[in-house]
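Visitor: All chains should be modelled from the sequences, with the hints used to inform the complete structure.
The chain contents come next:
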Amino acid sequence: MNIAVCIKRVPDMELRFSIAADRKSLDQAGLKYDMSDFDGYALEVALQLVDRQGPGEVVLLCLGPDGVQETLRKGLSMGAARAVQLKAEDVPVDGMVIARALAAELEGGGYDLILFGRMATDTELLGLPCVSSISHLEIADGQGTARRDLEGAAETVRFPLPAVLTIDEGIARPRLATLKGIMAAKKKPLETKPAVLGEARVTVEAMALPPERSGPRFVGEGSEAVPELVRRLRTEAKVL
Amino acid sequence: MAVTFAFAETRGGELRKVAFEAVTAARQAADASGGGEVHALVLGAAGIASKAEALGRYGADVIVVVEHAGLERYNPEVAAATAAERLRAGQYRAAFFSASAEGRDLAPRVAAKLGAGLASDVTAFEIQGDSLLAQHPAYTGKIIVTLRLTGTPAIVSLRPGATPAVEHPATARIERAEPAVDPGASRVVVTELAQQTGAKLDLGEAPVIVSGGRGLRAAENFALIEELADAFGNAAVGATRAVTDDGWRPATDQIGQTGRVVSPDLYVAVGISGAIQHLAGMRTAKTIVAINKDKDAPIFKVADYGLVGDLFEILPRLTEEVRKARGHQ
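Heads up: the protein sequence lines correspond to chains C and V, in order. Take 0 as the starting number for the first sequence in numbering that gives the first Met the number 0 and just add one per residue. Take 0 as the starting number for the second sequence in numbering that gives the first Met the number 0 and just add one per residue.
Quick caveat, the hints were computed from the structure, so don't treat them as lab data. Here a beta-carbon is modelled for each residue, glycine too, at the ideal position from N, C-alpha and C. Some hints here could point you the wrong way.
Unchecked claim - Derived list of chain V stretches under chain C, where covered just means 3 residues or more per stretch with a C-beta under 8 Å from a C-beta of chain C:
no.: 1; segment: 63–69
no.: 2; segment: 97–109
no.: 3; segment: 269–282
no.: 4; segment: 291–304
Guide: Below, the structure written as structure tokens:
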């Protein structure tokens, strides 16, 4: 079973964010990037499937500047066989442009599964069956069965392989790279190709920090303050 | 003049609240473009047409109804093909979906079929000449990004609750249509839809959410949270990741970056410190109340009203006062 996992790097959300002078991009100073959590789940799912239903290999794909090579190496150290960087200095904000560039690379790759972490854009472009936000997956006899958690409900979805899947929280805890894995990753192939980027229909107009709330208005301490809280919820916030 | 489109979600033979939000947004976009018709698309099993009429009260002029036995549950391939076919057939300025579980799946499929621009999880938008400007919270809500969508139709998925439904009575015509592809031939098939037991009101639909964190100390203490939710009468129960990871609450109750993203009218955070991961899921709520024993907890930075103290003392009193206020005495 051959599986492609499309990953991206995201800034460490715990750090402070500020906006660059153009008011359209993040100030890169002080940002630290890592593989997104959801991509970690997707990679873990892929590695487990190949472990159990091999032979086959897991191939990583990432679009972005040279900084993404570090993210790809991390994936290789977890157990992926090889990696491809689709080089672009700036990652487009138009998800469709990214999806087309990835699709061009994936086309004809003979993959049984193409996995994404959480993604706003699917890859119907490849013409393959696509199931999004899955929280459970079983593969048997060229057929997949997945669970999708909805609001207050869960769907069971059946689909044939090859297929494109996006992965949700909770499906599998990503393994930690071992020292052996980290050493081996240094010798694994990491290929760089130019990304083929089409015309964008979506661009960033502006970035801003969220409006500050006027609060906190401390209503008081302990249960004696409860009637005052309820009064304000009725008269000020008008939510009661 | 511009025609706009809304995809009206259904589940279990009923329209969902987000359906009315999508129609409201389409109405506002049409009005902002010099006035024009709003066309709403509804897919479902036989009988959905009678429910779909309600969309007229929110400004839909044409309600396109596709009834088919194979559409009782969400069928992604049929829904995407049918919406795309409709959008290709007309000069639609913009198309609105919900950023619900279903809409997050559907909107990108439709955008891909049309080669159209997509903005996801949108909290506000405006029409500006040939463009649609859409705001959405990015990076766990730390940054508000405004996107410019060019070309038509501009495809938008709306964060549930962020753009409330507003009544706008119109005389709607019902138009019948066929699925664009045979539902029996779908490759991706939803074989089962299991409603979760115990889920009273869905987190995405509830006007009020009462949420608990580690401060509750044990799974059984969530009874206090549930009692407060009951007192509101229109509240759902949420939880932090720490709580769902520990199995105190089901994973589907998790609010945050890796769980549900919600925008209720009122969010009551109880015993929640306010980790970034949690704030990402609730900071766009209209009013936030925080109850915590630590007055320096980060949750108070996003709260409109803060109450410092022992939640085990405060919650029963709050439940009682809310019950009084709601006239449930």
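Visitor: Checking each numbered hint in turn, tell me which of them this model violates, lowest number first.
Guide: As far as the earlier hints go, only 1 is violated by this structure.
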